[in-house]
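Number of protein chains: 2
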Amino acid sequence: MAAAAGGFRALDDKSLLEYIKATPALCAQLGNQLDGISIKEVGDGNLNFVYIVVGPGGSLVIKQAVPYVRCVGDSWPLAKERSYFEALALKEHGRLCPDHVPEVYHFDRPMSLIGMQYIKPPHIILRKGLIAGIEYPLLAEHMAEYMAKTLYFTSLLHHSTLEHRAAVAEYCGNVDLCRLTEQVVFSDPYKIAQYNRWTSPYLDHDAEAIREDDALKVEVAELKSMFCERAQALIHGDLHTGSIMVTSDSTQVIDPEFAFYGPMGFDIGAFLGNLILAFFAQDGHSGQGNERGPYKKWILKTIEETWNLFHQKFISLWNEHKDGTGEAYLSDIYNKPELQLLAQKKYMSNLLHDTLGFGAAKMIRRIVGIAHVEDFESIQDDRKRSYCEHRALECAKKLLKERCQFESIGQVISVIQAIPV
Amino acid sequence: MAAAAGGFRALDDKSLLEYIKATPALCAQLGNQLDGISIKEVGDGNLNFVYIVVGPGGSLVIKQAVPYVRCVGDSWPLAKERSYFEALALKEHGRLCPDHVPEVYHFDRPMSLIGMQYIKPPHIILRKGLIAGIEYPLLAEHMAEYMAKTLYFTSLLHHSTLEHRAAVAEYCGNVDLCRLTEQVVFSDPYKIAQYNRWTSPYLDHDAEAIREDDALKVEVAELKSMFCERAQALIHGDLHTGSIMVTSDSTQVIDPEFAFYGPMGFDIGAFLGNLILAFFAQDGHSGQGNERGPYKKWILKTIEETWNLFHQKFISLWNEHKDGTGEAYLSDIYNKPELQLLAQKKYMSNLLHDTLGFGAAKMIRRIVGIAHVEDFESIQDDRKRSYCEHRALECAKKLLKERCQFESIGQVISVIQAIPV
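For the record, the sequence lines run as chains W and D.
Residue numbers for the first sequence follow the working numbering, beginning at 780 and rising by one.
Residue numbers for the second sequence follow the working numbering, beginning at 780 and rising by one.
Treat the hints with caution; some may be incorrect.
Identical chains share a label here; the pair holds if one copy fits it or two copies do between them.
To be verified - Calculated cross-link-like contacts (lysine to any residue; reagent style SDA-like; alpha-carbon spacing at most 20 Å):
no.	residue 1	residue 2
1	Lys1076	Pro1199
2	Lys899	Pro835
3	Lys996	Met1127
4	Lys1125	Gln1184
5	Lys1101	Glu991
6	Lys1124	Cys1183
7	Lys996	Lys1101
Read the hints as simulated data drawn from the structure, not as lab findings.
Using the sequences and the accompanying hints, generate a full structural model.
Structure follows, in structure tokens:
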């Protein structure tokens, strides 16, 4: 197709239809029945255009990256090459964990366009489910499975250093998206920055306290350096509760456009940190026959189970493949059960500390940085919202600064529960 | 020149002369006087062929990589592409620290051949000077200068993450040399391996004790992972005392073919670890009017001064450029003197711990691994040599396992001095 081959052009509903007609892989997904298909733009994220395409013979989603941050406008340019890394990560994570990653049907690099599986209703964005107070009994199990498989198999526990360095080099190209994270997660919240906002005036003092907290800022610098320097595994890079679609028995992880080789704790922390945000937001959703006490307990249980199941599954993969291709712990050196146990204990303890640090940093930036979360934004009353946000901030600061003292997720739950009312 | 453009061929004295004649950049360094030039092959290292070319009008060195490990033979293949990374690192480190890095005149990628400055006599390899008991009053100052400049300016303290990720990706290509390090430093010494050797039977128990030391092996795995995952700065990658040429007033760092983006402590540790080896070897060189007591004191003073001067110079660079391009500590976040001090203290403390870990690992591998050091090898008497080696091993194990407890280099010196006789 001439237009696609010739370079980039932003599509709309109409030109997208022409594009689909000219692309056999997409037609095939629609059962080659193109009469009567409907196209709906649904991109509610910050960065891209997303079209749901449904016809009598099938369905798909088209996601197109545009060369700027959508929620800010073309004053904030952003490499549309992110689409390439998203497609690459979808395929790689999909290969490792097909149950929880949508299938890619088609990728057009010049057009920065991915055609992929439509995650159909009743799937909704997990964040919306958490706001609505819906329990997902398999969420912890599914997310533990997704994280254990994608992180283990792309780390040096499974990779040779030869394949690892080649993959690391490839994903170094996704630098624009990494820089966006560096700015909005690790920098802007700790200084006066143009797009920062918070529930003012209630949180004015909280925001200032964060900018003045030397101990916190020194720790954040270490986390930022780890994010920039440590190629531990192919991480999703943006694994918050808005990147996950759920039903009661299905969990699908979408939008890995921030994917690169970084610290595992950044993914696990993003998920758990956003669950903690959801926990603290519940008091803003409760009242008048809408008691959220039991749901808060369910969120805490899900946090605890996610880590514990992740731990269990990750260690199982390690044990299962201990004589495999991974070069971090060669089997003829780490060949004794008690030594293997010691090594795993240390590895998982470090990973918990990284997880808490990154998770807490992600919590903070959602309250005093540019991009807020609907969990809090949907609380209409400013005072009520700021009360929830304040407690989340207090929790995050404690987890971040004291992260290396935690030995179990149970201790983390205790800290969450002990944040003063 | 057809031969050079056409691909690789290993040169000898005669074909090298033809090569030089056909290469204007090399002729120019010889003052275009090619009659009466002498060519001498002097490669005493493990990997390459090195020719000294001296004529009436000038001099130069030609270094050619061959596609195998020279000291083992073609049964151990090794990418000759290392030559590309050596030339790249020589140029980059030379730009940052021209006083201590030889100049590159010419690089021929297909031929894996570098033409560079001849570091003339009376320069000798530092290791040989240390064995001879020669004091180098400026060594600590020079090495501190070299390490501070090359490491600071290639880290995120000076780099934007944009230039950092691009450079990291480029050096991922030097994976073959990284893998060699991974094997001979972090793996082979801790298992039964074909090329391992030690002073037998005296050190049989020591070698076995290392293979059986679970606490040590868990720490070594962490260091290996850091080596493989952490792109902190463009490191030399092989900064032992055989990669340094000295006179009383000049210090030149050669042979950065292992260069890649790795942890800074690997370079600093290589240098300090090899000085510690030199220290423990002195008892093997002393006796019969050759008292090494004062020289041992000088080595310890040099270790202490190297770290302290490095610390001072590194921090000076940081302070001088704190409002510069580096993105690890943005000036509008880390803008207070006491905060800057806190951040630097933490950074340097972590760096000391990394340095001790990597330094100790490099010591161990030189005693029970494949490649030994002349410091010990030149001690003829097996019993005497093994006594020196045993003490060095005890010191290394302690430094490696307890590295995070050290707060100053003075404490390290105390440990070295307290190793039982």
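For each hint, the structure was consulted:
no., hint, verdict
1, Lys1076 - Pro1199, "within (17 Å within a copy, 58 Å between copies)"
2, Lys899 - Pro835, "within (15 Å within a copy, 81 Å between copies)"
3, Lys996 - Met1127, "between (25 Å within a copy, 17 Å between copies)"
4, Lys1125 - Gln1184, "both (13 Å within a copy, 17 Å between copies)"
5, Lys1101 - Glu991, "between (46 Å within a copy, 19 Å between copies)"
6, Lys1124 - Cys1183, "both (14 Å within a copy, 18 Å between copies)"
7, Lys996 - Lys1101, "between (39 Å within a copy, 16 Å between copies)"
Checked against the numbered hints given earlier, this structure breaks none of them.
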